[in-house]
Amino acid sequence: MKEYKMVVIVHPGNESVPKAATPPARLASLKGKKIGLLDISKPGGNFFLDRLEEIFKTKYGAAEIVRTRKPTYSKNAPPQIIEQLRAMDAVVEGLAD
Amino acid sequence: MMLLSASLALSRHSFYRCLMPQVLNAPPISGLQSGKKAVVVIFETDCPTCQLALPYLNSLNQDSVQVIGLSQDDERSTREFADQLKISYPLGLDSGLKISRAYGPQNVPTFYMLDESGQITKTLVGFDKQGLNDLAAALGHPPIAPADDGAPAWKPGCSSRHLEPEAQGGADESGAKLLRRLGDPASRITLRNEEDPFEYCRRKFGDALPVVPPTVEKVDAMVRASGLAPETIIARVAPFYGEATVEKIAANAVMAGCAPEMMRVLMPLVRAACDERFNIHGVQATTHFAAPLVMINGPVRQELGFWSKQNVFSNVALANSSLGRAFQLVLLNIGGGRPDGIDMSTLGNPGKFSFCIAENEEENPWEPFHVTRGLKREQSAVSLFAAEPPRGVSEHTAPAAKTVLETISFALATVWSYRMCLMPEAIVVLCPEHVKTIHRDGFTKEQARQFLFENTGIPVRYYSKEERAEGMQLAANYKEITIRGEKYYQKFRSPEQIHIFVAGGTAGKFSAVLGSWATGTTGSQMVTYPIPDK
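If you read the sequences in order, they're chains A and B. Taken in order, the first sequence gives residues 547 to 643; the numbers are from this note's numbering. Taken in order, the second sequence gives residues 7 to 540; the numbers are from this note's numbering.
It is worth saying that the hints were derived from the structure and are not from the lab. A quick note: this is a predicted structure, and the numbers were derived from the prediction, not measured. Where is the CB? At the ideal position from N, CA and C, for every residue including glycine. Be aware that a few hints might be false.
[To be verified] Simulated restraints on C-beta separations:
no., chain 1, residue 1, chain 2, residue 2, range
1, A, T568, B, S193, 25 to 33 Å
2, B, K210, A, K565, 20 to 28 Å
3, B, D202, A, A636, 31 to 39 Å
4, A, F594, B, R467, 30 to 38 Å
5, A, K588, B, D346, 38 to 46 Å
[Stated by the list, open to error] Partial chain B-side listing against chain A, Cβ under 7 Å, derived:
no., residue
6, G248
7, G288
8, Y469
9, S470
10, Q531
11, M532
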């Protein structure tokens, strides 16, 4: 096997270790729950989310649907939207085009 | 810089009483004397807007007005901040963020102007040249923020430290660590003797091509050239928000083949990329073609050997290729924008290897690009634009400026998608032969831009109410104009969406058009940063 001179290099990448978030327990049912629907504001998102809203209400008995929308798909959701969604039992983020 | 002791209590009670009457037990502002007008600014050391704004207060005459900065960070960061930015007025520490919590600025920097009796007469939030000049005028001073110093007219600030989630606990006397100014030293990786360092680095940190192993010696030389401490955080690079310390940037610069002198350009470039206006998060994660195009102007072109002539977009010069590549490696390794991962571009862009051009200012009969962007001619500058790959425009037959510009307008009409108007921007890279013709026929740069604006459109007959196609759904917002006797929708919102840059060889009548990604405040805005002098 070929031997190379021992080389020490400087780590050029991001060394921060992401904190693992524990996912919340799965909901057994959507009945009586508050569901947030986040539209990321790409064209067509409303078609998908309108249909979900209807299904969640009529078929699964969700108590409340909260619709919210990012100002632009190109940037992170502003903190007030995240705060609003924090109060939900479940959230669906609608990505469409 | 004099760092005031936080416990030195030469306070002006009325300052905080009139700020927030309910917090009479708020801690005093150290060093504030009564009977004199004062400007107090609350700031964070790692907030780019604070870094931009605070040096402007150096120009205020401190004989007639007291100027005091209150740092929300620890002593070490504050001293570094003052040294690096050459702050000439006293700074104090807001230990435990007590003063910030009491007075509650939403954003930093927040400037408070006080009269002789300590009443607040003016409050200014963020960086605002007009606001700073108004503040100076109210103190009887000439303007302190000139329009042509390269800084934007306005820049929003950062959230005040006491409102950050990490600060809510309140126990941390040294301030939050989340947005610290100094990072950790980069790890050293000792390669096993049987490991080929080139192969290892290509596999772990390369851009799919071999890279120069960033050995400790080479990285140290690069760090020394920067003149900064290796752990200094220059920016946090999206989408993973990795801390781009001087040392990590240097390691990527070594890998890309940069000379140590290139740190002078690479650091403002990384800062520019992480300017919130540029929105590198979106640029790096989009499915679109966009890649950040680096454009270099000014004396740095000769000093470091940036190429602006034939083959300007190609593999022609070490300076262009290594800077563009180092920048892409920073985005990849520190930002985490892996092209096989979170960078979701459908087809990508060959510019993601390296995408760096310099302006051929010598063949440009008009003002150089960085002057149009608000800087002085003798400054060096780096501009960034989220660009599609160049599309060529050949025009070897037209003898007159108007026809050359008309030919270019046909390419401009196709950017983003033919029927999409108003949203896109474009860069027109004019080759020396074309610009010579256009200038000879009497066009100024502004007139050429105006002509392109007025003559770029899509025929209205290509839109219908019955069909669905990209760009059609927005037609109600488009402006109808007449070009060559036919009805068109105007492609661009304003002439400012067309940027003219002169580059390329003196032989050949080939110019180029580069389209944009999403633009404006909901997309990516072009940024121009000065490069410090040698």
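Now the hints, each set against the structure:
Taking the beta carbon of each, T568(A) and S193(B) are about 28 Å apart, inside 25 to 33 Å as hinted. Checked against the hint of 20 to 28 Å, the pair K210(B) and K565(A) passes, with Cβ atoms roughly 23 Å apart. Range check, D202(B) to A636(A): about 50 Å between beta-carbon atoms, so the 31 to 39 Å window is missed. Between F594(A) and R467(B) the beta carbon distance is about 33 Å. The supplied range of 30 to 38 Å therefore holds.
Separated by about 23 Å at the C-beta atoms, K588(A) and D346(B) break the suggested range of 38 to 46 Å. Evaluation of the G248(B) hint against chain A yields a held restraint, the C-beta minimum of about 3 Å falling below 7 Å. Because the smallest distance between the Cβ of G288(B) and any Cβ of chain A comes to about 4 Å, under 7 Å, the interface hint for this residue holds. Because the closest C-beta pair between Y469(B) and chain A is about 16 Å apart, greater than 7 Å, the hint is violated.
The interface hint given for S470(B) is violated, since its Cβ lies 18 Å from the closest Cβ of chain A, which is over the 7 Å cut-off. Violation of the interface hint for Q531(B) is found here, the shortest Cβ-Cβ separation to chain A being roughly 11 Å, above the 7 Å cut-off. Checking M532(B) against chain A: minimum C-beta separation of about 15 Å lies over 7 Å; hint violated.
When held up to the earlier numbered hints, the structure conflicts with 3, 5, 8, 9, 10, 11 and fits the remainder.
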